[in-house]
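Heads up: the protein sequence lines correspond to chains A and B, in order.
Each step along the first sequence adds one to the number in UniProt numbering, with nothing skipped, and position 185 is 185.
Each step along the second sequence adds one to the number in UniProt numbering, with nothing skipped, and position 24 is 24.
By construction, these hints were calculated from the structure, which means they are not laboratory data.
Worth double-checking, as some hints may not be accurate.
Below are the DMTMM-like pairs computed for lysine to aspartate or glutamate, each with C-alpha atoms no more than 25 Å apart in a straight line [to be verified]: (1) A/Lys-149 - B/Asp-40; (2) A/Lys-39 - A/Asp-88; (3) A/Lys-149 - A/Asp-167; (4) A/Lys-149 - B/Asp-10; (5) A/Lys-39 - A/Asp-115; (6) B/Lys-33 - A/Asp-88; (7) A/Lys-152 - A/Glu-125; (8) A/Lys-226 - B/Asp-40; (9) B/Lys-33 - A/Glu-48; (10) A/Lys-222 - A/Glu-280; (11) A/Lys-152 - B/Asp-48; (12) A/Lys-152 - B/Asp-10; (13) B/Lys-79 - B/Asp-10.
A few chain B residues facing chain A, derived, Cβ under 8 Å [claimed, not checked]: (14) Pro-37; (15) Thr-38; (16) Asp-41; (17) Asp-48; (18) Ser-92; (19) Arg-93; (20) Arg-95; (21) Asp-97; (22) Ala-98; (23) Asn-103.
All of these numbers come straight from a predicted model, not from anything done at the bench.
Each residue gets a CB set at the ideal place from its N, CA and C atoms; glycine is no exception.
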Amino acid sequence: MTDIAFQGDPAVKDMALARLRRHIADGSFVFYPAWEEGKANVIGAIVEADDQTAFAERLGYPIALVTALESIVNAYQTLPVAQTYVTDWFEQTPVGADLSRVVSQVLLSILERSDLVTLTAPHAELERCRQAVIALHRREIDGDAADRKGWKVERLAAVAASDAITDGSFAHLAGLIVEAAAWPATMRTVLSDTLDACGRLELRRETGAIGWTEALESRAYKIREKAEIDGRMAELSGIDRMLGLLDAEDPELGQHFRQRLECFERLGHINRLVGRQIVELMRQAPVVATPAEASA
Amino acid sequence: MRHATEHDFDDVVMKNDKPVLVDFWAPWCAPCKALAPTLDDLAIEYADEMEIVKVDIEANPDLAKRFDVRGIPLLIVVKNGQETARTFGTVSRSRLDAFVDANVGTEK
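With these hints in hand, go ahead and build the complete structure from the sequences.
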């Protein structure tokens with residue numbers, strides 16, 4: 001039974017929660033890697049391997065949700081908050097829930113975001129593509145899925161529409177979101193690709209707001225690379241060393257880099273928002289299978 | 001999806017009747033690993049139209065040199081024994097699909 005939570009079996013949910021809680025209690029729950037030397041992230045904690053397919057099959061979550069799960073969890077940035085989120089993910093999913101519509105529902109919520117519409121609306125073809133992809137996902141939810149050709153036509157149109165926007169505006173990045181979402185919900189990377197595209201837009205917006213450019217990023221890291229060769233400030237490490245080097249060589253760049261750090265800490269907003277939406281959608285998903293039905 | 005080495009590359013890729021998408025990768029390359037599931041799906045979807053062949057450049061440095069591989073992941077299309085297109089870096093599924101559609105000449 002695909003996409004039926006925990007294969008309709010409460011024992012599977014109990015197993016998943018027990019394994020997760022054991023890792024959290026033991027202090028062996030990590031962001032990365034999935035499974036190494038007894039440490040585990042959300043995937044490894046359950047299947048004891050870096051195997052998203054096994055996780056999806058064993059627990060009955062759609063593969064597209066599972067493929068996006070690690071990047072969603074990583075957006076919570078601190079372990080305690082991530083652990084709470086992952087626990088919630090399992091606890092809130094009803095045993096036997098039909099999760100087959102959740103991916104399309106999440107993609108619809110992304111495609112219908114007002115900030116996205118603001119960017120696509122001035123570009124007629126891109127806006128048409130956004131609405132066409134929404135219509136395709138609505139058909140999926142209604143059980144009237146389009147065929148492969150129907151998706152491909154709109155996806156290639158979205159790629160062309162994105163490429164036609166060459167003014168460096170955020171609209172091009174909005175187009176990348178539309179084209180990434182132009183796949184059936186069963187396609188493994190549809191949600192992770194769409195979230196990646198959302199992340200690129202978010203990054204450009206945040207860094208643009210503080211005037212941080214690729215040229216500044218490159219300059220900052222060249223200073224860092226030079227220090228690797230000449231050994232300057234080797235007594236420091238990580239961000240402390242980076243800031244020390246920048247303050248010494250280019251104080252203005254150092255101050256700007258601090259703003260960039262704050263900006264990067266704010267990133268992941270969309271992933272966290274989508275993460276909460278997914279938990280809520282799963283919680284509300286209709287329960288269609290009992291253990292007896294699952295084993296039939 | 002197959003793997004090719006310096007010993008069998010010409011037979012597997014250059015003499016293939018179908019267009020071949022060659023994936024140059026390495027075990028230490030994290031973006032290559034990220035691209036792998038996308039290529040797995042692509043191999044199934046386009047099984048009739050093309051083959052995907054993987055080349056580990058660490059084990060096959062001469063192939064990396066032959067095709068001027070300067071960064072990975074690198075995907076090249078080979079048709080009738082000739083390279084016809086290449087794309088570098090982690091590519092979204094949509095962009096990869098568009099690349100294949102434009103360069104392999106699928107009808108679907």
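Each hint, compared with the structure:
At roughly 20 Å between alpha-carbon atoms, A/Lys-149 and B/Asp-40 fall within 25 Å of each other, so this suggested pair holds. Of the supplied pair hints, the one linking A/Lys-39 and A/Asp-88 holds, its CA atoms being roughly 20 Å apart against a limit of 25 Å. Among the hinted pairs, A/Lys-149 with A/Asp-167 is inconsistent with the structure: their alpha-carbon atoms are about 31 Å apart, more than 25 Å. Pair hint A/Lys-149 plus B/Asp-10 does not hold up; C-alpha atoms about 34 Å apart against a cutoff of 25 Å.
Under the criterion of a C-alpha separation no larger than 25 Å, the hint pairing A/Lys-39 with A/Asp-115 is inconsistent with the structure, at around 39 Å. For a cut-off of 25 Å, the pair hint linking B/Lys-33 to A/Asp-88 is broken: about 29 Å separates their Cα positions. A threshold of 25 Å between alpha carbons decides the hint, and for A/Lys-152 with A/Glu-125 the separation of about 16 Å falls inside it, so the pair holds. Between the alpha carbons of A/Lys-226 and B/Asp-40 the distance comes to roughly 40 Å, so the proposed pair goes past 25 Å and is violated.
At roughly 19 Å between alpha-carbon atoms, B/Lys-33 and A/Glu-48 fall within 25 Å of each other, so this suggested pair holds. The hinted pair formed by A/Lys-222 and A/Glu-280 fails the criterion: a straight-line CA distance of about 44 Å is larger than 25 Å. For the hint pairing A/Lys-152 with B/Asp-48, the CA-to-CA distance comes to about 17 Å; that is within 25 Å, so the pair holds. A C-alpha spacing of about 33 Å is found between A/Lys-152 and B/Asp-10, which places the hinted pair above 25 Å, so the restraint is violated.
Among the hinted pairs, B/Lys-79 with B/Asp-10 is consistent with the structure: their alpha-carbon atoms are about 12 Å apart, no more than 25 Å. Evaluation of the B/Pro-37 hint against chain A yields a held restraint, the C-beta minimum of about 6 Å falling below 8 Å. Given the 8 Å rule on beta carbons, the hint for B/Thr-38 holds: about 6 Å separates it from the nearest Cβ of chain A. Taken as an interface hint, B/Asp-41 checks out: its beta carbon lies about 6 Å from the nearest beta carbon of chain A, inside 8 Å.
A least Cβ separation of about 13 Å between B/Asp-48 and chain A goes past the 8 Å threshold, and the interface hint is therefore violated. The criterion of a C-beta within 8 Å of any C-beta in chain A is met by B/Ser-92, whose closest approach is roughly 5 Å, and the hint holds. Taken as an interface hint, B/Arg-93 checks out: its beta carbon lies about 5 Å from the nearest beta carbon of chain A, inside 8 Å. Look at B/Arg-95: its Cβ gets to within about 7 Å of chain A, closer than 8 Å, so that hint holds up.
Restraint check, B/Asp-97 versus chain A: the minimum CB separation of about 7 Å is within 8 Å; hint holds. A distance limit of 8 Å between C-beta atoms decides the matter here; for B/Ala-98 the minimum to chain A is near 5 Å, and the interface restraint holds. Hint status for B/Asn-103: violated, given a least beta-carbon distance of 13 Å to chain A, over 8 Å.
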